[in-house]
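Read off the chains here:
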Amino acid sequence: MKAAVVLFPGSNREGDVARALRQAGASTSIVWHGDHELPAGTDLVVLPGGFSYGDYLRCGAIAGRAHIMDGVRAHAARGGLVLGICNGFQILVESGLLPGVLMRNRDLRFVCKMQHLRVERNDTAFTRAYAKNQAIRVAIAHGEGNYEADEATIERLEAEGRVAFRYCDAQGKVGGSANPNGSTNDIAGIYSETFNVLGLMPHPENLIDPLVGGVDGAPMFESLVQTGRAA
Amino acid sequence: MKARVFVTLKNGVLDPQGKAIEGALRSLDIDGVASVRQGKVFDIELAVAGKESAEAALKAACEKLLANTVVENYRIELL
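Chains as they are written, first to last, in our numbering: chain X, 1 to 231; chain V, 1001 to 1079.
Simulated from the structure, these hints should not be mistaken for laboratory data.
Hints are supplied without guarantee of correctness; some may be wrong.
As the list claims (entries may be wrong) - Quick look at which bits of chain X chain V covers, simulated, 3 or more residues with Cβ under 8 Å: (1) 57–69; (2) 191–200.
Said to hold, decoys possible - Heads up, simulated SDA-like pairs for lysine to any residue below, C-alpha to C-alpha not over 20 Å straight-line: (3) V:K1059 <-> X:R65; (4) V:K1010 <-> V:E1022; (5) V:K1064 <-> X:K2; (6) V:K1010 <-> X:G96; (7) X:K113 <-> X:G96; (8) V:K1040 <-> X:Y56.
Stated by the list, open to error - Okay, the calculated beta carbon distance ranges per label pair: (9) X:R22 <-> V:A1049: 49 to 59 Å; (10) X:S177 <-> V:E1045: 27 to 37 Å; (11) V:D1043 <-> X:P210: 52 to 62 Å; (12) X:P39 <-> V:V1041: 36 to 46 Å; (13) X:G15 <-> V:L1078: 40 to 50 Å; (14) X:N185 <-> V:A1034: 55 to 65 Å; (15) V:D1029 <-> X:G34: 47 to 57 Å; (16) X:N122 <-> V:A1047: 46 to 56 Å; (17) X:A159 <-> V:D1043: 36 to 46 Å; (18) X:W32 <-> V:K1059: 27 to 37 Å.
Every residue gets a Cβ at the ideal spot worked out from N, C-alpha and C, and that includes glycine.
Construct the entire structure; sequences and hints are all you get.
Right, here's the structure in full:
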């Protein structure tokens, strides 16, 4: 599994996600946003968290139009894997690789805390090392994570099983006070039509070591490396 | 040539910032404010000659970057 992590001005989780990928066994490089092409043989592109371009204009808006995104779009169109975490998810919706938009959190506050998610399906490249409906504990840190889309898009996402994760409590009960940002249908992450692109607000890359609070994020990177081996 | 571009949220899109401003105006006892929606204004200087090419450039700017047309509308004014 050859992974490329794209570095934008203002990204700040590229080191964390590169570490998570390497720990899972992926060979990982950091790619500059001004490059026009991804490294040859890239299996997985990761758009890391952070505050690309200082969140100017709209979160992810300027990064979504960077040169490298043409390469990322071409990679996704070929069926290549793309993972966008937090600001990376915002970049994916701004670039049109995923539908909808991430609006200000319902309570207008930046939320930074531990959060449980329900794994909606475990038959994708990103989740095969999880159990279906497993409640995993990861970190969230965002001000604009309130996923919104028009009714038809939400219906389509639900009908096609493209919701990847939903906010839940420790027992796996979805919604209510477990929803930290007002996201429609408690959506924390979604897949593209062909399930090779995943965008999610939470940070699995920060929960890969028992020394820093848990390892529930690690199976995502193990899933990706397993997928790379199987391919 | 100068232009001004307005980007506003579409009707029905929740605008928590506008709501917060609305509440703040109420707390200042400013009468007659029914509701507030927050948007953005861009003042743009154009290095093109002719109204048509200016409008075309501004439309492209709005569609490609300035507005997220999933949730936002835009309006162009040539000054």
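A quick look at each hint next to the structure:
1. 57–69: Check passed, 5 qualifying residues.
2. 191–200: violated (count 0)
3. V:K1059 <-> X:R65: Distance ~16 Å between K1059 (chain V) and R65 (chain X) Cα, so the pair holds.
4. V:K1010 <-> V:E1022: Cα-Cα ~18 Å, so holds.
5. V:K1064 <-> X:K2: 31 Å, violated
6. V:K1010 <-> X:G96: 19 Å, holds
7. X:K113 <-> X:G96: 29 Å, violated
8. V:K1040 <-> X:Y56: 12 Å, holds
9. X:R22 <-> V:A1049: 49 to 59 Å: 55 Å, holds
10. X:S177 <-> V:E1045: 27 to 37 Å: 49 Å, violated
11. V:D1043 <-> X:P210: 52 to 62 Å: 53 Å, holds
12. X:P39 <-> V:V1041: 36 to 46 Å: 41 Å Cβ-Cβ, so the 36 to 46 Å window holds.
13. X:G15 <-> V:L1078: 40 to 50 Å: Since the Cβ atoms of G15 (chain X) and L1078 (chain V) sit about 47 Å apart, the hinted range of 40 to 50 Å holds.
14. X:N185 <-> V:A1034: 55 to 65 Å: Hint violated: Cβ distance 31 Å, outside 55 to 65 Å.
15. V:D1029 <-> X:G34: 47 to 57 Å: With Cβ atoms ~51 Å apart, the hint holds.
16. X:N122 <-> V:A1047: 46 to 56 Å: 54 Å, holds
17. X:A159 <-> V:D1043: 36 to 46 Å: 44 Å, holds
18. X:W32 <-> V:K1059: 27 to 37 Å: For K1059 (chain V) against W32 (chain X), whose Cβ atoms are near 31 Å apart, the range 27 to 37 Å holds.
Of the numbered hints stated above, those contradicted by the structure are hints 2, 5, 7, 10, 14, listed in ascending order.
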